[in-house]
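Engineer: One line per chain: the protein sequences are G and U, in this order.
Going by our numbering, the residue at position 106 of the first sequence is 684; the numbering climbs one at a time, nothing skipped.
Going by our numbering, the residue at position 184 of the second sequence is 210; the numbering climbs one at a time, nothing skipped.
Since the hints were made in silico from the structure, they are not lab data.
Among the clues, some could well be false.
[To be verified] Straight line, CA to CA, 25 Å or less: simulated PhoX-like cross-link-like pairs of lysine-lysine:
id: 1; chain 1: G; residue 1: Lys589; chain 2: U; residue 2: Lys162
id: 2; chain 1: U; residue 1: Lys102; chain 2: G; residue 2: Lys987
id: 3; chain 1: G; residue 1: Lys747; chain 2: G; residue 2: Lys805
id: 4; chain 1: G; residue 1: Lys589; chain 2: U; residue 2: Lys146
id: 5; chain 1: U; residue 1: Lys146; chain 2: G; residue 2: Lys585
id: 6; chain 1: G; residue 1: Lys589; chain 2: U; residue 2: Lys145
id: 7; chain 1: G; residue 1: Lys585; chain 2: U; residue 2: Lys145
id: 8; chain 1: G; residue 1: Lys803; chain 2: G; residue 2: Lys816
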Amino acid sequence: MLRNYLKMALKVLNRRRFYTFISMFGITLTLAILMIVASFWEHLVGVQGPEVNQERSLLIVNMRMKGKAGFTISSTNSIHYLEEYVSKLQTPENMSFYSIAFAVSTFIDGQKVSMDRKFTDANFWQVMQHKFTEGRSYTAEEVAQRQPVVVIARSLKEDLFGQASAVGKELKVGEDRFKVIGVIEDTPVTRIHSYGTLYVPITLDKKYGIDKSFTGEYMATLVAKDKASVQAMQQEYKALVSQIENPDPSQYESFSTNADPYLAAFSRMILGDADDSGINTLYTVLFVLAFLFMLLPTVNLMNINISRIMERASEIGVRKAFGASSFALIIQFIVENLVLTLLSGVLAFVVAWVALQAINSASIIDHMELSINMEVLWAGLIFTILFGLLSGVYPAWRMSRLHPAEALKTK
Amino acid sequence: MILLSNIEKVYRTSSIQTLALRNVNLAVAKGEFLSIMGPSGCGKSTLLNIMGLLDAPSGGTIKLDGQTVSNLPDQKLAKIRNEKLGFIFQSYHLITDLNVIDNVELPLIYRNVSASERKKRAMEALEKVGLSARTKHYPNQLSGGQRQRVAIARAIVGRPEVILADEPTGNLDSVMGDEVMNILLQLNQQDGTTIVMVTHDEAQALRTQRLLRFFDGQPVNTESYATQLS
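So here's chain G without its partners, still in its complex pose (with noise of 0.2 Å):
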């Protein structure tokens, strides 16, 4: 039975060309434009380049200071209060502190080059896991020595030494001067943690060792030994901050901070606070999003269906006055709507994937490559079949509906 309603359904699409291309049009788009958001967002917050230890790490990005006048201050953590008390954790396998990637510059040759800087420390290299094209990372040793070496990008090593081999070579940034140890291959912009240009030992930033506040330009990354014990590491940070005391009592009430797991800590960034890391209003959020989104044209497929039911009255009265039942039509009729949904659906998978190559090599975003992953591909599945069920439903149940009587008197 199952084998005849396909063969009906290709049968209709194949002959009602206007109407197929009509509905497959709205469905791709909407599907197509569902997957390249969809890649674009597991490309923010999924498993991506360096940070392959994501599923077992928590990240401290924020700190607030919550000021007696009234305000609220959010800013990323300094130097001192991670290696201060960060540096304490038990649970940890492994931390790295760093700094957020600022825009700094050169000149070559009178050519003005750009770099984001950013300062690690040693563990970096460990915690993330950067493809080395050439050389290797720092060690603790030069770290703790202040050693006056580097880790570039193989985009800025193009910029700068051409296709030449750096490792050795000088590179000046304003003052200092720098020996090229390492190049490795380029990260995404939008990977905050893992993202620069040219990686610079903590302990050369120049506020290393003085500045004794608690907020500056450093984030860390802790990692956990498996996944099963970042819930402890989680509730050890907790209990870290409760006994840590306030830095500034003329300034400000009080302070918080959060070690997050990688969606957490963006969803806190965006629309938490110190209480709630704002996870379930992003998934509401982003589950609105999507289904009015999808809303719009699922109601307009299931319109062009409903104005078919009299295109196909005759039919459906014919197909009930030789035996079909109400049920058998509603089946009928949904199989029809999931082929056309799912052909659609493997179209918008095309679509989306020349949309991704067409966005990679505009290099929109520096160094990002969205492809469609796994995940992506059974979300397009289940949002192309939740698709035609929804725009099938409610028109086949009125299709099924009809009295073969009535139904056979429309010509």
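With the hints as your guide, set chain U onto chain G.
Structural biologist: Then chain U, alone, in the frame of chain G:
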């Protein structure tokens, strides 16, 4: 075979009630070829639809082979229509998206007959109506007479006991009409299929075993209900 008792059909809108059938009593014997004639709007097609379980009566009972079938649920009605009844319509009602053989196979699909068996039986039915050479054509590639022959093949493919034909020659010229009528007579005489046919064509009606004249929602023949039953 078919027994209608006190059948009434009322069409209601918010302001008007129209009585389409008034207290109709009718018996159709097994193997009979009955034609029903009457002016447009007299209720003959409504009667045929009720006999074919395509429409529900407002009152009265329908018996098919001794079984009361009025008020059965959708699923059971669908099964009876599929197994016992075959329909031929004035405007053919072929499914335009399907070719000839797929149209003819339709009743067998709802019986879960295998594809090879369906094809075999559809070919047999098409041979009976002389259209076995046009199996891959679509309805819009056929003449009116050919379409009606496909419709007849579809009606007989499931070997139903009863064929209900609503003006089967109404859209055809006299030559084509005669051809279709000959096929119906052959089905009745050779296969013993019970046929009830609504028609406006007196000449065709007179070729059947019994003619029932209908007027204003009622039969107007002199034959009594008791005679019919006997």
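Engineer: If a hint holds in the structure, say so; if it doesn't, say that too.
Structural biologist: Going down the list of hints, with the structure as the test:
no.: 1; hint: Lys589(G) - Lys162(U); in the structure: 13 Å, holds
no.: 2; hint: Lys102(U) - Lys987(G); in the structure: 23 Å, holds
no.: 3; hint: Lys747(G) - Lys805(G); in the structure: 41 Å, violated
no.: 4; hint: Lys589(G) - Lys146(U); in the structure: 22 Å, holds
no.: 5; hint: Lys146(U) - Lys585(G); in the structure: 19 Å, holds
no.: 6; hint: Lys589(G) - Lys145(U); in the structure: 18 Å, holds
no.: 7; hint: Lys585(G) - Lys145(U); in the structure: 15 Å, holds
no.: 8; hint: Lys803(G) - Lys816(G); in the structure: 18 Å, holds
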